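Below, each chain spelled out in residue letters.
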Amino acid sequence: MTRINTRDELIALRKKCIAAEKREKRKILVCAGTGCVSGGSLNIYAALKEKMAKEGIACEVELAADPHEDVVGLKKSGCHGFCEMGPLVRIEPEGWLYTKVKVEDVDEIVASSIQEGKPVERLAYKQNGVIYEKQEDIPFYQKQTRKVLEDCGRIDADSILEYLGIGGYRAFEKALFDMEPADIVKEISDSNLRGRGGGGFAAGTKWSQVARQKTTPKYIVCNGDEGDPGAFMDRSVMEGDPHRMLEGMMIAGIACGANDGYIYVRAEYPMAVARLRTAIAQAEELGLLGENILGSGFSFRMHINRGAGAFVCGEGSALTASIEGKRGMPRVKPPRTVEHGLFDKPTVLNNVETFANVAPILLNGADWYKSIGPEKSPGTKAFALTGNIQNTGLIEVPMGTTLREVIFDIGGGIRGGKKFKAVQIGGPSGGCLTKEHLDLPLDFDSLKKAGAIIGSGGLVVMDEDTCMVEVARFFMHFTQNESCGKCVPCREGTKRMLEILERIVNGEGREGDIELLEELADTVTNTALCGLGKTAAGPVVSTIKYFRDEYEAHIREKRCPAGACQKLKRFTIDPEKCRGCSKCARNCPVNAISGEVRKPFVIDGSKCIKCGACKDNCAFGAVKEG
Amino acid sequence: MMKEYMLIDKIPVPIEGEKNILALVQKAGIDMPTFCYYSELSVYGACRMCMVEDDRGNMHAACSTPPKAGMSVVTNSARLRKYRKNILELLLANHCRDCTTCEKSESCRLKELARRFYIEDVRFPNGKTEPERDESSVCISIDHSKCILCGDCVRMCNEVQNVGAISFVGRGSKMEVGTAFKVPIANTQCVGCGQCSAVCPTGAIVVQKNVTRTWEAIYDPNTVVVAQIAPAVRAGVAKELGEENGVIAAGKIFAAMRRMGFNHVYDTTTGADLTVTEEAAEFLERLKDDGPFPMFTSCCPAWIRYAENKHPELMPNISTCRSPMQMFGSVIKEYFEHNEKTAGKRIFSVAVMPCTAKKYEAIRPEFKRPDGTDTIDAIITTQELIQMIHEAGIDFKNISPESSSMPFGGTSGAGVIFGVTGGVTEAVLRNVEPDKTYSALQQIAMSGVRGLEGVKETTYQVGDQELKIAVVSGLGNAEKLIRKVQSGEAFYHLIEVMACPRGCIAGAGQPFARSREKAERAKNLYTTDNMTQIKRSESNPAIDEIYAKYIGRKAHSLLHVHYKVKKK
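Protein chains in written order, with this note's numbering: chain A, 1 to 626; chain B, 1 to 568.
What the hints contain is simulated information worked out from the structure, not anything from laboratory work.
Since the structure is predicted, the reported quantities are computational estimates derived from the model, not experimental observations.
Glycine included, every Cβ here is placed at the ideal spot set by N, Cα and C.
Calculated lysine-lysine pairs in the DSBU-like style (CA-CA distance at most 30 Å, straight line):
| # | chain 1 | residue 1 | chain 2 | residue 2 |
| --- | --- | --- | --- | --- |
| 1 | A | K534 | B | K128 |
| 2 | A | K419 | A | K624 |
| 3 | B | K310 | A | K326 |
| 4 | A | K534 | B | K10 |
| 5 | B | K484 | A | K326 |
| 6 | A | K214 | B | K68 |
| 7 | B | K480 | A | K333 |
| 8 | B | K174 | A | K534 |
| 9 | B | K535 | B | K468 |
| 10 | B | K82 | A | K333 |
| 11 | B | K10 | A | K333 |
| 12 | A | K147 | A | K174 |
| 13 | A | K534 | B | K19 |
Have a look at the derived ranges for each label pair, beta carbon to beta carbon:
| # | chain 1 | residue 1 | chain 2 | residue 2 | range |
| --- | --- | --- | --- | --- | --- |
| 14 | B | K3 | A | S371 | 47 to 57 Å |
| 15 | B | G170 | A | R510 | 21 to 31 Å |
| 16 | B | K3 | A | P335 | 23 to 33 Å |
| 17 | B | T129 | A | S606 | 24 to 34 Å |
| 18 | B | S487 | A | K214 | 22 to 32 Å |
| 19 | B | L7 | A | R570 | 53 to 63 Å |
| 20 | B | D98 | A | K418 | 51 to 61 Å |
| 21 | A | P335 | B | P14 | 21 to 31 Å |
| 22 | B | D289 | A | K214 | 49 to 59 Å |
| 23 | A | D549 | B | T129 | 35 to 45 Å |
| 24 | B | P14 | A | R301 | 46 to 56 Å |
| 25 | A | E518 | B | T101 | 28 to 38 Å |
| 26 | A | P335 | B | D289 | 43 to 53 Å |
| 27 | B | S167 | A | E436 | 42 to 52 Å |
Given only the sequences and the hints, what does the whole structure look like? Please build it.
The following block contains the structure:
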């Protein structure tokens, strides 16, 4: 790649890339997101490459700047989102999607899809007896509106040329040459784009506050420290479409007068780091990053900082402290980050998804953006769908989509035909929503009213077998482990709440524990220093609110209504069904079962360690658990 | 301009440049509960005790919220009370509550607030029942089981002192104040200044005690116990013992110590006069030889250790004079060992100091005497002295003041002001200034060496020589000045460094004091100077006597030291 020095050269190169893209008669996109890679997708990619070479099929693994006819593009793409079904392989232009692909399937894929032009039906997704050959027809995708993730899974994330081939860096070009910084800020403000990191703060307001600061230098910081358990929206963008996020940051740089961008990525995302490094290197090589970009006089440098995996470093002031090499600990505010942020300078701090929204807003206008979803919280939102749901994976829907649509239409409902119980939204800072909230529109304001938050977009779906006290305990364990330890209510309060929750699930709960939990939750929520602490009690408060009876059953009856808490499990023998064969007694490791042969046996609850060996070994289904 | 007001508990309070609501609340006459707000340190906002509630029921931490005109907050409400009680309860649940044997019991902030908010019951199991001590340092003792993680010590060590021996280790409920890689504190760059203990609201960091060792020496009939009392001590006992006049306080201390059984009690001021004499001579020598400059003072052991750790390249610039305590200690042992009255007895030399770093200085190998014994055998801080006076049951208020023992009885005003930042410099100037008139004394006093600011820069004309002088207190300030000197931005002939902000009067061995009390201690020493007839060290008759009668040709070896410079 040679450096491009002018706007015209960028336009010319982009044209070439678009043309090259079009002339690939067929494309094989092998998902190289973290999920599919761990499922072996890179081996499939290698096998495809080998097979095509053997068959003498002209194969292009890198988009050639000089287009040539009739080649098959073989690409490692970003995450397609349908991780449940990975490894995934997509064939274009037809849009066939092959699921759970193995290396052994490669020959057939090449023979039928590439050589004969036919789909491999057995690899297509099937649901309720219907075979979905095309990716777009699959219900999981049908209800989605992919804007931010539009090109995730469509292009090779390691190639800036591919990004140019889909019209990349047009918004940056527009911002650089056709717009005044104030216009850019205005466009973002008008679009009502709200930060996707959790708080939902208006991005335009933040940008304008930084733009207004007289102090220089200023910094653009991207928060890629996605720490919610089970959330991977930002990771997918960084891995699958890194240039899009870079473009958003660069535009913010123009708008706010900053010349340095810092990306803070968790070290647990090695692939995201690698792809971002590649993307930055390529942008630098092309002259899209660096000094005097395209002769405009504007310079922008991009830096990557890896976080050591502390959840609290997602908090703005802890994040900037961590970049500065200090202990990642939130500080008191004011001063706010927009005035005294990174290195004590004015700083725009947005998360990955927010920056990924910037380019399309600039290209299509604020009105276009506002036409998606509700006016006050427009646009789309990516969610990581996990838990007891049919289709786990990464999805994107317009804000305002209901929980029902997400869980039942896109997610395919609860796994194993079980009943829906609740969904934990917003990660450890969020809260749980129940059946009554299924028709609640998912947007910042509606969720806040219901006592939950969108957060960064983690959605953990729970079925009837889930114990809600255990859910609260799980998230509290996470939060107290991730508390930085600075302020008393968060450090000590979460520890004590966890202590109480642990004793409740262990059957040692006491009368008054629920009230004590509520009291602590109130104190921590209202007195903690930072967002992590202020929201730490969310899961406890919402589970008590909606499932108080479950807490009470644990405490008073020493019973787990969902039958999930190990320590509260009770095994009994149904005397009607027991034939007195003594097999259970012989298999009991602690001699808790006694009885006379041919007469019903009995389990001594005080000795039983709830291992379930009796139940597993009973041929008559006489051992009952619950 | 119209004054702006904020409503605190419905009372209008004018906003006059206060940076936070807490300052305004204090101005309104409310003693706001807080653990981590210490006006001399940066705002940390961690204890969350100082929350206030606004009109809309929102909570704000008063320490970190700027005042806003027209804003109305209350400092006491049902919710605030509940939150504060909860926070205290949470802290108590994680605190080793052995209050009856805790030395901080009387001045523990946690205990004070727990009583104030009437915490009757702690509903959580106590996680800290056993002490978790680090006793490796001779200066301070750390007990993690009493730490409430307010971070005052960490900010003091890092922000004010630039030492960085301690920081937070671990996170969440496993967080503690500790050293890098959890090595014992003695193996870190800790300089022993003890300022961490001076800001600690609980008994988590306290001063190491030499009380028992001293009593044992007193009880031993074959031991002669000789004590010297540093200048700042007399200004530090006021709050605890009720004597505010420095001259009288010194006299009462001498009397009380004799009652306790100390055989001889001297005033370190005499040592200070020796130091001035030696240091002035060294300074004049350097002026003649053109350097090396700047010459740093050497009285402060924490400063010496700081320089050894962080600036070994500066060691040749530091005066070779021993500190007043060590000079006087050398003279004392020399005198008593050659005195027929005490021949054959063990000489136990005790120094009563406002300082914790002295405890380290006392065991430094450089001060070992030829027979292998230490020059000083025990350091008693002002706090420990007060404890011993209490222990002995002495009615300090009514005891008649006495003079110090003979010989070495004379003192000078120059020696007394050693206890406050700028004092050493002023004393040296009194010596090198050839004009010995009263007006010259006043001129020196007005030259800019006085005042409690952290950094003072001034010039003083001696003959045709213009002396450039800097006086710093606080090691962070020293570091800034060193950088200025090393970058060539500034030049000084003499730099006085005291590790503790404001000098020895605010040493960590002194009882706890707030800013105002520290200023009073400084004033106290200057008043004592005013009331002393002899103003200049060289005019102290004891000095001539010491040189002529007791140390003679040994003067240099007894009064100077050459620290072994560690290679970096």
